[in-house]
Amino acid sequence: MLDALLMALTALASPERLGYMALGVLIGYAIGVLPALGGLAGLSLVMPFIYGLDQVSALAMLVGLVAVAATADTFSSILMGIPGSSASQATILDGFPMARRGEAARALSASFLASMIGGLIGAVILTGAVLIARPLILALGTAELFMLALLGLSMVGVLAGKSFAKGLIACGMGLALGMVGTAPATAEYRLDFGLIYLSDGLPLPVLVLAIFALPEIIDLARGGGTISRSADLGRGWITGMRDIMTHWWLVLRTSSIGSVLGAIPGLGGSVTDWIVYGHAIQTEKNGQFGKGDVRGVIAVEASNNAREGGALVPTLFFGIPSSGSMAVFLGGMTLLGIEAGPAMVGSRLDLTYAIIWSLAIANVMGTLLCFATSPLIARLTTVRFGLLAPFMMMVVCFGAFNNNRELADLLLLLGVGLLGLLMRRFGWPRPPFVVGFVLALPMETYLYQAVQFYGWDFLTRPGVMIIAALIVVFAWLGIRKRRLADTEEDGGSTDTGKRQPQAIFAVIPVVLFAAVFIDAMGKSFLGAVFPMMIAGAMLLISVPVLLRLNFGRVGGSLFHDAEANAKPEDGSFWAHLGWVIGLVGLSALVGFLLANTIFFLSFLRYAAGCTWRMTLFLTSIATIGLIMVAKLLTLDFPQGLLQYFFELPWPLR
Amino acid sequence: MTKAANFSLSRRALGGLGLGLAATGTARAQDMAGKTIEWIIPFAVGGGSDVWARFHLPLLQKHMPGNPTVVIRNVTGGGSINGANQFAQRTRPDGLTILGTSGSTQFPYLMGDPRVRYDYRAWSVLMASPTGGVLYVRPELGVRGPTDLAKLQAAQGLKFGSQGPTSLDVVPALAFELMNLNVQIVFGMQGRGQGRLAFERGETPIDYQTSSAYTSQVLPLVREGKAVPLFSYGILNAAGDIVRDPNFPDLPTFPEFLKAATGQDPSGPAWEAYRTLFVAGFAAQKFVVVPRETPRAMQDLYRTAFTRIFADPEYKEKRGTVIGEYDEVVGEAAEKAYAAGTVISEATREWIKEWLLRRFNHRLG
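Read top to bottom, the protein sequences are chains A and B.
Residue numbering for the first sequence follows our numbering, beginning at 1 and increasing consecutively.
Residue numbering for the second sequence follows our numbering, beginning at 1001 and increasing consecutively.
FYI, nobody ran anything at the bench for these hints, they're computed from the structure.
Computed from a prediction, not measured in an experiment: that's the story for all the values here.
Every residue, glycine too, gets a C-beta built ideally from N, C-alpha and C.
A few of these clues could be false.
[Unchecked claim] Chain A is nowhere near these chain B residues, computed Cβ spacing over 12 Å in every case:
no., residue
1, Asp-1050
2, Ala-1150
3, Gln-1153
4, Asn-1180
5, Glu-1256
6, Ala-1270
7, Thr-1304
8, Ala-1347
[To be verified] Computed list of lysine-lysine pairs in BS3-like fashion (alpha-carbon distance at most 27 Å, straight line):
no., chain 1, residue 1, chain 2, residue 2
9, A, Lys-291, A, Lys-498
10, B, Lys-1151, B, Lys-1316
11, B, Lys-1159, B, Lys-1259
12, A, Lys-498, A, Lys-162
13, B, Lys-1035, A, Lys-631
14, A, Lys-567, A, Lys-291
15, A, Lys-523, B, Lys-1353
16, B, Lys-1316, B, Lys-1336
17, A, Lys-523, B, Lys-1159
18, B, Lys-1062, B, Lys-1318
19, B, Lys-1159, B, Lys-1353
20, B, Lys-1336, A, Lys-631
When you get a sec, could you build the whole thing from the sequences and use the hints?
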């Protein structure tokens, strides 16, 4: 083992290989800064260039890309509230409020340092655990995986915020949307309305962008001003570093959790994110989580990079990629003539170590790069938001349609975005919604499989009982009044608002659960039992909530309307939603590229009040940038009616 | 089907108005210099078909006359139905857009999935790529070969992790049917890797992997005595018979195994169904196609290029991890494989439909 480690490090120490790694880091950085592109797009970009490289160089380049993408995506999460990737959403909950408070520098510096240290800790853990990783993973059966999914779900307890009932229902809505698509046990299509798009299930990246980023943009556009409420970025860099020193124990804990959970195949990165974030809330004293507590940023970012390292375990030793970027990494390995499998802990152990330590070194490189460039990028938060808003809209739309590359992505973005906007306004917590969504499929799949494989006796397996005990401990920790501060509440308003709007909104979950229930009635037993149970239970909770909001006494934790004392000079709540609807609607007519150009011209000129000169300048930058990225990624923009009737040359087609 | 065809025709006509006769100009495209070929892969980046295409990509650029640029466009959705539909409806027959299909594209077409808007008869095959698979069991079952079939038939609690009733994993399910095994099939596996994981964890005692995964992941288990291979699916020879897999010459093929166990050649509707889906899912798993109306000269450019690729030393050296020791084919051999993998008799289709309903309570369409 030591031989192999030494061999790997010697192989990596060549300047040429470090050079390729740095190249990978650079590309990964460029890609990672753009939200929702992530390592996946970057990896497909470099695929053509890895031909002709020796194995270690090529791997170093691929790994460099993956490593830095998970660090650089923090920029958009913290500075703009746009989740950099679907696997680092929790960062925005505290990072973005910090940026708005004028603490962008502190948040970024804490997050980069946490990332780097987390990555290094992950590498150390992996180095030690490589030889026992295979048997450990094989000890986790479907029964244990189901319990781990439950553990994730139990985090809803601390993520629910002010009203536990609303938190539960939000989680239920996530579960309901997560059940759209193919039923794992029977391959029946649920709530697909005959559409291929829906039969695949809703894409997580679109959902995350819609539920978190879109409402934020609309709200900011309405308020005007800049993202940071103070023009001065401050000398937060040192403070951020000091934060890491103070909270070293949290860094150590969360990076270890990230590393271990990342190594478990079939759980998914977003679950890890929320488990770690929930863990921080449960265990840290006097938290202001959700309102810009730096520990929220530290916990999630420390676990992020460690998780990428952990994810190498199923990828390298079992050939089972646990994320999109790992799938591409595995594909790259195959093209290089390296086969994943038991050999990676045997005859090719040196290669495994080379990969693990490439990740660690690339982490350090990436962090330095991020540090070096962040004073510049952080200035974005002091730019007038009117100029930033169209770019952010474009980036969010791009991130959304880069999934399936069709108009449906944009429609889903709009629909769920509207839901997110209203949830934000009426105090329905959004994190439980995402937790429910990402866990719906694993929960149902593993429960069904565990019962098939072990019968209901699976509940008495030791692993299951250990995880069950953990859930109880965590729940107990959560009950001690440590929960997410009310993220949706702005400025400490206690006005619960008028009854009617929120009473109307509460109909939506009831209708959704009823739809799930009715749809399930037409399915076979195994396809129906899970959705019926969830939807049935949720109806029992959501109907009383609806009734109370409609007829109960106003007040208490249930009522909330952020619009209750809105400033009239900010304009109507709905005004800026119009711009989003306009962009998506126009895309349906003339395709996204043209629609986006028109959107830029009109928004900058009329909403932001720019001169024509400025308007044209910014629009050209946006359009040219968009076309260049599309060219690199070989993608067509979502098409509208225009493209339906006329064949146009690329990029208009 | 007809509705979609009409639609695409009218669209094409409209498009033609806009672009004049550009399409016909390519009929004598002997030189592709400066052109861009779009290779549509209806699967995600990093998956088997994507890696397969990316492996060929630089070689195709090298061997097409004029060294055109080849780009891969991943159009995902519906387990490849979406991308194939788009290709069928939008592609002009100028040879500048090609499609890579896989077993998951063939299966819904053969089974009559109502979401399918493409027709293999409207395409010409440029190249066909085979793969294989090996079925293996846990040693505790005490089954070593065909003579132990009775033991396997009597085994209690046989389970198999499957990706779904209409996935590639229907092929082993049909094999169980032909062997008269009582196997409980557990769905919801995302990828063959998860099925293998269930086997390694001891949750399922029977599993299969396609050739490359078998070689890298399962063979080490076999050497440790943790898995026992029973048979390979075999490959098709030029005459269309199932013969031993060159990657696993020591393993009997499935028909060989059946014959050795039962004394007779397999036959009947279950066998017909098995054979058709086996060819579509394994023996002729991947095709490169263009619309049928693509000028013959253009099609032949590709055929020649692929022939040259297969002779390229670089190809031979590197194909191992991506394709395995299988011969990809063009020309007549490809046509034969194409016919065997994309044509199904009405009786067999009906039988499959009825069997899926009876066996899994799964209703097609």
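Hints and how they fare:
Listed as outside the interface, B/Asp-1050 is inconsistent with that label: its C-beta sits roughly 6 Å from the nearest C-beta of chain A, within the 12 Å cut-off. Non-interface status of B/Ala-1150 relative to chain A is upheld: no Cβ of that chain comes within 12 Å, the nearest being about 25 Å off. For B/Gln-1153, the non-interface assignment is confirmed: its Cβ lies about 21 Å from the closest Cβ of chain A, beyond the 12 Å cut-off. For B/Asn-1180, the requirement that its beta carbon stay farther than 12 Å from each beta carbon of chain A is met, with the minimum near 22 Å.
Its beta-carbon lying about 28 Å from the closest one in chain A, B/Glu-1256 satisfies the requirement of being farther than 12 Å from that chain. Distance check on B/Ala-1270: its Cβ is at least 21 Å (rounded) from any Cβ of chain A, clearing the 12 Å threshold; non-interface status holds. With 12 Å as the threshold on Cβ separation, the claim that B/Thr-1304 sits away from chain A holds: the shortest Cβ distance comes to roughly 23 Å. For B/Ala-1347, the requirement that its beta carbon stay farther than 12 Å from each beta carbon of chain A is met, with the minimum near 24 Å.
Between the alpha carbons of A/Lys-291 and A/Lys-498 the distance comes to roughly 25 Å, so the proposed pair stays at or under 27 Å and holds. About 42 Å separates the Cα atoms of B/Lys-1151 and B/Lys-1316, which puts this hinted pair outside 27 Å; it is violated. With a C-alpha separation of about 24 Å, the suggested pair B/Lys-1159 and B/Lys-1259 falls inside the 27 Å cut-off, and the hint holds. A distance of roughly 18 Å separates the Cα atoms of A/Lys-498 and A/Lys-162; the hinted pair therefore holds under the 27 Å criterion.
For the suggested pair B/Lys-1035 and A/Lys-631, the alpha carbons sit about 15 Å apart, so the restraint of at most 27 Å is met. With a C-alpha separation of about 22 Å, the suggested pair A/Lys-567 and A/Lys-291 falls inside the 27 Å cut-off, and the hint holds. For the proposed pair A/Lys-523 and B/Lys-1353, the alpha carbon gap of about 18 Å is at most 27 Å, so the pair holds. Distance restraint check for B/Lys-1316 and B/Lys-1336: the Cα-Cα separation of roughly 24 Å lies within the 27 Å cut-off, and the hinted pair is therefore satisfied.
Proximity of A/Lys-523 to B/Lys-1159 is assessed by CA-CA distance (about 24 Å); at most 27 Å being required, the pair is judged to hold. Taken as a hint, the B/Lys-1062 and B/Lys-1318 pair is honoured in the structure, with Cα atoms around 15 Å apart against an allowance of 27 Å. Restraint check for B/Lys-1159 and B/Lys-1353: satisfied, since their Cα atoms lie roughly 23 Å apart, inside the 27 Å limit. Between B/Lys-1336 and A/Lys-631, the direct Cα distance comes to roughly 38 Å. Violation of the 27 Å bound is thereby established for this hinted pair.
Checked against the numbered hints given earlier, the structure breaks hints 1, 10, 20 and satisfies all the rest.
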